[in-house]
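Engineer: Please model the entire structure based on the sequences and the hints provided.
Here is what each chain is made of, one letter per residue.
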Amino acid sequence: MTNEKTAPSLRQLFLRLVFLRLLLPLLILGLITTSLVIYWGERNLENQQNEIARSVAQIAVNHLNQGCQILNAIANIAGTTGTEDLSSVMSGTLKAYEYFDTLYYLDANNKIKSLVPSLPRYLGLDMSNISYFQGKGDNKDRNPIISRPFISPRTGEPTVYLIKTLTSGGKLVGELNLGLLQTEITNIIKSSDGDFVFILDQYGTLIAHPFPELVKQQTNFKNLKIVQQGFAGKPNALYQYDKTPVLAGVTRVENTGWLVVDQIPLSSFFVSYACTLLLALLGSLIIWLVLIWNLRKQLYRYVSTPLEQLSKVTNDLIEGDYNRVNSFSSAPTAFAELNKLTSDFQLMSSILQSRENKLVNMAQELREADNRKNEFLGVLSHELRNPLASITSSLSLLELVKQGGTQEKKAKDVIKRQIAQLSRMVDDLLDITRISRNKIKLQKRSLELNEIVQRSLEDYQLFLEQSGLSLEAMYSPTPIYIDADETRLMQIIGNLLHNAAKFSKPGGYIKVFIESDSLKKLATIHIADNGIGIAPEMLSSLFQPFMQAESSLDRSRGGLGLGLALVKGLVDMHGGSVSVSSAGLDKGSEFTIRIPINDKIDKSEKEICPNKFMGSLRVLVIDDNADIAEILKELLTTIGYIVEIAKNGTDGIKKAINFEPEILICDIGLPGMNGYDVARAFRSDQRLKDIFLIAMTGYALPEDLQKAFDAGFDRHLAKPVDLEKLEYTLSQAKVNTPSRVEISKL
Amino acid sequence: MNRPDKKIYLRCFLIIPSIILLVIFLYNLTIKKTIQIGFAAQLTGTQAELGVQDRNGVQLAIEAINASGGVAGRKIELIIRDDYGIPEQAKAVDRDLIKAGVSAIIGHATSAQTFAGLEVTNPAKVVMLGPTISTPKLSGIEDYFFRVCPSFNDSAQTFTQYIYQHDKVHRLAIIYDNDNAAYAKTYSTVVTAEFRSLGGKITNEISFSSVMQPNFSQYLSQLHLDKADGLMIIASDMDTALIAQKTRLLNYQIPLYTSSWAPTQTLIINGGQAVDGMKLPQVYALASETPLLQEFQARYQNRYGHTPSFGAALAYDTTLVLAEALKKTGGRPEGLQQALRETQNFQGLMGTFSFDRFGDVERQGYLCSIHNGKFVNLEKMPLLKPGDK
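From first to last, the protein sequence lines are chains Y and D.
So in the working numbering, spot 531 of the first sequence is number 920, and the numbers just go up one at a time.
So in the working numbering, spot 277 of the second sequence is number 1561, and the numbers just go up one at a time.
Read the hints as simulated data drawn from the structure, not as lab findings.
Nothing here was measured: the structure is a model prediction, and the numbers come from that model.
Treat the hints with care, since some could be wrong.
[Stated by the list, open to error] Quick list of the computed label-pair ranges, beta carbon to beta carbon:
| # | chain 1 | residue 1 | chain 2 | residue 2 | range |
| --- | --- | --- | --- | --- | --- |
| 1 | Y | Q523 | D | N1629 | 40 to 46 Å |
| 2 | Y | D631 | D | E1618 | 53 to 59 Å |
| 3 | D | E1579 | Y | N532 | 34 to 40 Å |
| 4 | Y | Q523 | D | S1481 | 41 to 47 Å |
| 5 | D | E1608 | Y | L627 | 33 to 39 Å |
| 6 | D | N1586 | Y | D631 | 22 to 28 Å |
| 7 | D | E1608 | Y | N644 | 19 to 25 Å |
| 8 | Y | W682 | D | S1302 | 46 to 52 Å |
Glycine included, C-beta positions come from ideal geometry on N, C-alpha and C.
Structural biologist: So this is what it looks like as structure tokens:
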């Protein structure tokens, strides 16, 4: 989330990438290319300029050489024919070679002796103050001296003196007009593209220039960078000329020290070279921009938009708006990853939705269960209070009445009934907990269903008669064998009978009938009544724990509403099913139990059905509570057991060695050695290990049971224990102990 | 999502052109920063030497000023115009220079063109500085004209006295160029008046037109006949050289004198032996040992390949004093006249000088001669006054 502020958007990222990684390198590449091309172009241009300058310099050299040769020729004539007739030779030459403005012959005193064209104004003038004329004829050079150019006062054009010293002592002087050079550079400028050629003398004064008036004005360019470069022998320079940047090449004219400069404005150079490149660069830039614009649009359409939509829908998802999420169909995407993301997102959303639905339902169920539990706790306290109140008042009565009287008997009956009621409730609770935690272990064996049902009905006969109900039973004509836990099966039938009795009015009837479906291999027990019936909407939830069809405050029927849940749990454990039907309120109801039939009948098992035990077995009771121990001893002695009592584990072990009991009833919460330790001690002792160990404790949770079994107990009885259950458990000890060995031998 | 991107584009489209415009604007500002000074003189033709020397002196000064940072942080740009020695052309080029926006004009080389030019510059209130103008006709006028050399009135009179008293010339002939009558004719008048007042006789006063390229022989033959024992030539360097040569060609060994218009290299080159011994007054301290002048001469020689004449030195002084005044006005032409008038004891190449309110100066004058193809100082003159009209 912190990244959201600093991280750029996809489009910004795209633009940044495109600018930094694409445009910038392209631009740099373009600039480097341009620079290189400009550099080579410039080098090329410099060479061209130097070429032009050299050609002009060559023209100047030729011009001067020509003049010198002519002067030499005249000098030769003068040497052979003398100087007397020189003017005719000179005038002939002047006509033949028009670049000489003037030719004159100076005598030894540097006075003009003869002059062509004939200009009497100058004839006889003394030229000795001109430094070039001051040589005394000792100049033996073949070639004439070339003077510094000057503007001829007569022609106004740049001119040089060519001075040839004659052998006779005089001098032959030609004023060579340099206007030819002006013409030459004008031609070059006309024919070329931007070339600007000018010629300067050895002091930087112009000899020829595109603007001839500058020449006439004796303009000096010595300060120009290219001129200084030229004097320094460097061929090129870049500088400002008349406020324009120019590039120039310079060449020296042989023998004179003059310079020829060819300069070209940088602008015209750029027009020819750089402009093309720049245009290309600009063109590619525009193409690039168009491409980027288009790419950006496409990116927005195919990536940004779907992503934004996805983000919006995610927000919807966060808000739990599945309708919008489900109606979301992504914008067109251009690549598989985004498509995958979209479909994954849709999948995730549907999974989340179903998971949430489940959770909501579960929460609803939990709430309901919680409500039922709370309700049940209310009921439980109410149901517990009633018997307790009866017991309390009976006990008070017992204290008042005399022993042996009918009142005493009545009071005791009340207490017994109420304790039975309480025990039943606690048993139901324990059982339901065990079933829900899958802790009940069925002691399954092959049973004959008619016989079991008959026994159950016998057990309840009296109870039903007392409730003013008639019982009608229809047994199956053939024996039906099923694999079942006898006790649990009787519990199932008893619960249903109890239930039917509870919800029937006196005078009502209960019909039980048994049938078997050999095709489906199912035994069916129907228990029908004509009681208060069940409302149709309650039928589905009737077998849930803590559920009673009528949940009114008066609780006229009593009970915790666990009976049917217990029935269902136990039936399920037997692999069977239980169902209920009712035509409606006050129309009675019918419960149907279906249990799979067992084809493989082991008739012998019927023989080992536990009988009521008559022998006198030895029982050792270990309990630190002397009262409980004494009462237990009394009870067991009454029904024919030989009983010894020990107060703790150590004592118990000692007594057991002497007493050699068949059965040990041991409390768990003993001082010192606890019940589990005792059990382990017994199991580890060779003499005691076969003793049937019964734990009798208030610790009655499934974990406690497991702990007891782990420690070595054979049975676990929760306190308080009714006599019947105790008797039954003890009878199992007879089966399991010495006689079990015998059975296995059969 | 859209906004930041659009902002970036907008910014790019707004900022880049404005930066370009700003750069162009700033660049233009820097371009405009030069101070323009006009120069007008005769640069072509036979009498161009003085103008060329003047221009070279001005150029050398401006190069020095610009190299040391210019005036008020701005470079000086010189605009050069050729007046061809024609008064009408002088007016035209001065108009042209004023139109170009020059802060001041240096010129012209000769008096005739200066008179013409002032008809344009004075009404326009543009300062004109004459480097070599010495006609007394411009003295004592309170206008926009300034000059760094004094009126020739004093020097001409002193020179005349020298001719009469020292050289004992009592019959003097005068020949002058009427093309520059403002100078030459005035000079002639001054000399004539002085010479006569001394008791001498002016045997001849001959005027000629330089542009006609006369052959001077017939004038000179006449002088010879009239037995003048001294010749005063009031003409340009070239004409003076030719006249001098012609006297010797005619074998007329008359002492020659010339005005301060002629002393240039052209005079010596073209004068040959004839100009040797010719005497003249000038305000140019030829043999001066002052380091400033020597340094200037060396610089000029190096730059142009020949020695500077009085014109170059005075033009150099003119340019420096103009730059000094421009410094006071921050480069603007407004107040330049006043700034120049206030310039006192300015250090020139040949000593200090000060303008009076008429734009005239006092200077040391020298009596010179030509000896073995070189100018030499003969003696100092009394201090030359600006002179009255």
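Engineer: Is 19 to 25 Å respected by the C-beta to C-beta distance linking E1608/D and N644/Y?
Structural biologist: violated, 45 Å
Engineer: Given the hint of 41 to 47 Å, is the C-beta distance from Q523/Y to S1481/D inside that range or not?
Structural biologist: holds, 44 Å
Engineer: Kindly confirm whether 46 to 52 Å is satisfied by the beta carbon distance between W682/Y and S1302/D.
Structural biologist: Cβ of W682/Y to Cβ of S1302/D: about 23 Å, so the range 46 to 52 Å is violated.
Engineer: Between N1586/D and D631/Y, is the Cβ distance one that fits in 22 to 28 Å?
Structural biologist: Distance hint for N1586/D, D631/Y holds at roughly 24 Å.
Engineer: Kindly confirm whether 33 to 39 Å is satisfied by the beta carbon distance between E1608/D and L627/Y.
Structural biologist: holds, 35 Å
Engineer: Cβ-Cβ distance between Q523/Y and N1629/D: within 40 to 46 Å?
Structural biologist: About 44 Å separates the Cβ atoms of Q523/Y and N1629/D, which means 40 to 46 Å holds.
Engineer: Is it true that the C-beta distance of E1579/D to N532/Y lies inside 34 to 40 Å, as the hint says?
Structural biologist: holds, 38 Å
Engineer: Just to be sure I understand the hint, the distance between the Cβ atoms of D631/Y and E1618/D should be within 53 to 59 Å; is that true here?
Structural biologist: Given range 53 to 59 Å: violated, Cβ gap about 28 Å.
In this structure, the earlier hints numbered 2, 7, 8 are contradicted, and the remaining ones agree with it.
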